[in-house]
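J.: As a plain string of letters, each chain reads:
There are 6 protein chains.
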Amino acid sequence: MTNAGNELTSLITSTPQEGRDLAVKLARKSIAAIQTDPEIRKSLRKSYAEDTAQLIASAQVVAVEFQTIAMANNYWK
Amino acid sequence: MTNAGNELTSLITSTPQEGRDLAVKLARKSIAAIQTDPEIRKSLRKSYAEDTAQLIASAQVVAVEFQTIAMANNYWK
Amino acid sequence: MTNAGNELTSLITSTPQEGRDLAVKLARKSIAAIQTDPEIRKSLRKSYAEDTAQLIASAQVVAVEFQTIAMANNYWK
Amino acid sequence: MTNAGNELTSLITSTPQEGRDLAVKLARKSIAAIQTDPEIRKSLRKSYAEDTAQLIASAQVVAVEFQTIAMANNYWK
Amino acid sequence: MTNAGNELTSLITSTPQEGRDLAVKLARKSIAAIQTDPEIRKSLRKSYAEDTAQLIASAQVVAVEFQTIAMANNYWK
Amino acid sequence: MTNAGNELTSLITSTPQEGRDLAVKLARKSIAAIQTDPEIRKSLRKSYAEDTAQLIASAQVVAVEFQTIAMANNYWK
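Chains as they are written, first to last, in the numbering used here: chain X, 1 to 77; chain Z, 78 to 154; chain P, 155 to 231; chain E, 232 to 308; chain A, 309 to 385; chain G, 386 to 462.
The set of hints was computed from the structure by calculation and includes no laboratory data.
Be aware that a few hints might be false.
Claimed, not checked - DMTMM-like cross-link-like pairs, simulated, lysine to aspartate or glutamate; straight-line CA separation at most 20 Å:
hint	chain 1	residue 1	chain 2	residue 2
1	Z	Lys106	P	Glu204
2	G	Lys414	G	Glu424
3	G	Lys414	X	Glu7
Said to hold, decoys possible - Covered by chain P, per the in silico footprint, the following chain E stretches (three or more residues, Cβ under 8 Å):
hint	stretch
4	269 to 275
5	294 to 303
Even for Gly, the Cβ is constructed at its ideal location relative to N, Cα and C.
Build out the structure end to end from the sequences listed, making use of the hints.
T.: Here it is as structure tokens:
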């Protein structure tokens, strides 16, 4: 996975696990694109990490991002 | 990305990062198509940028728009 | 786009922008199919156009409708 | 569209508009499969037809069902 | 449909209607996988079967499961 | 299914049922990636396992993850 910086340079990953990690990263970056203040993001973090409805909604975002990544990698077949 | 104006002229982008940027832009334009008053949109902005449930819902919209853009670009392969 | 009337006759559009417009139109028509009274729809309009959670949910509907339209148009490639 | 009865016999429709109609019908049948009492469904109807959040959520269901139907019909091309 | 037992052995169904039935079944099994106590599930049933927002959310799950099943059956064409 | 450890090494499963099991596992791992404290996750568990809205939302995540897995396995055909 060659997306160490802030720019997304590729959807290709070596393994499905790296694909999952990239999906989580993309979900986080979407939120950072809307709430650009890192201090506010930090203060908000506790509110969703202990709210199961929001944890489930976050998992839904990861699922959609992962579907795209899995397609890009031809499902690592 | 040749979508500098208000019209969406193409889903093709040079890089995955530009695809992410376009996905965020499309999500924003959808909201502007429904709430057409820019002053009201501005006043609403704070309410969702500090509400984690809405930030997560916004990230979901970006994920679906990005899936379409990624397909259009054959995943930048 | 040859969908000027009330009937959806085609998913094919000339440009991506017309595809976006059609996606918004389809989302609106779904709501009109459920709430058939135009007066009630009009009275409801303010309640969602100033509620960011509902604006984001509307943008999600547009994103899914647009994905279908983009596929139909082979992403306007 | 040859789905006049209660059984879904085909996803193929003559026109995109018939595809939209089938999508709405499938969404309604899903709800009837869970809440099987038609009297209760009738009494519930008003509560969602005047609640914009629920109207938007219903439109989301229609959008996903329509995507499947559009794929089945090769987008009526 | 040869999924009479508790194990999902195939996504292939004879008709679209059997595909719908399987989609509802899969949605129910997902919930049973998380809330494993059948008595609690039974007691919860009334709360969502009379709550339109939850009925609509359930219909959304069925729509996504059905999309997968329809793809698996090449849309019964 | 060769994903016994914490790493996701493959999306390929022997049967559709194993695909369902993997979908549930991926959904759970997404939540664990966001709420990393296992004690807090345990304490949160009761709150969503008895809340039908959250059970339905969880089923939606499973449906999307399963769609990806089903595609990867060519629908076990």
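J.: If a hint holds in the structure, say so; if it does not, say that too.
T.: Verification of the hints:
For the hint pairing Lys106 (chain Z) with Glu204 (chain P), the CA-to-CA distance comes to about 16 Å; that is within 20 Å, so the pair holds. Of the pairs offered as hints, the one joining Lys414 (chain G) and Glu424 (chain G) holds, with about 15 Å between alpha carbons and a cut-off of 20 Å not exceeded. This hinted pair does not check out: Lys414 (chain G) and Glu7 (chain X) have alpha carbons roughly 25 Å apart, beyond 20 Å. With 0 residues carrying a beta carbon less than 8 Å from a beta carbon of chain P, the stretch 269 to 275 of chain E misses the three-residue requirement, and the given coverage is violated.
Given as covered by chain P, the stretch 294 to 303 of chain E passes the check, having 6 residues with a CB less than 8 Å from a CB of that chain where 3 are the minimum.
In terms of the numbered hints stated before, the structure departs from hints 3, 4, listed from lowest to highest.
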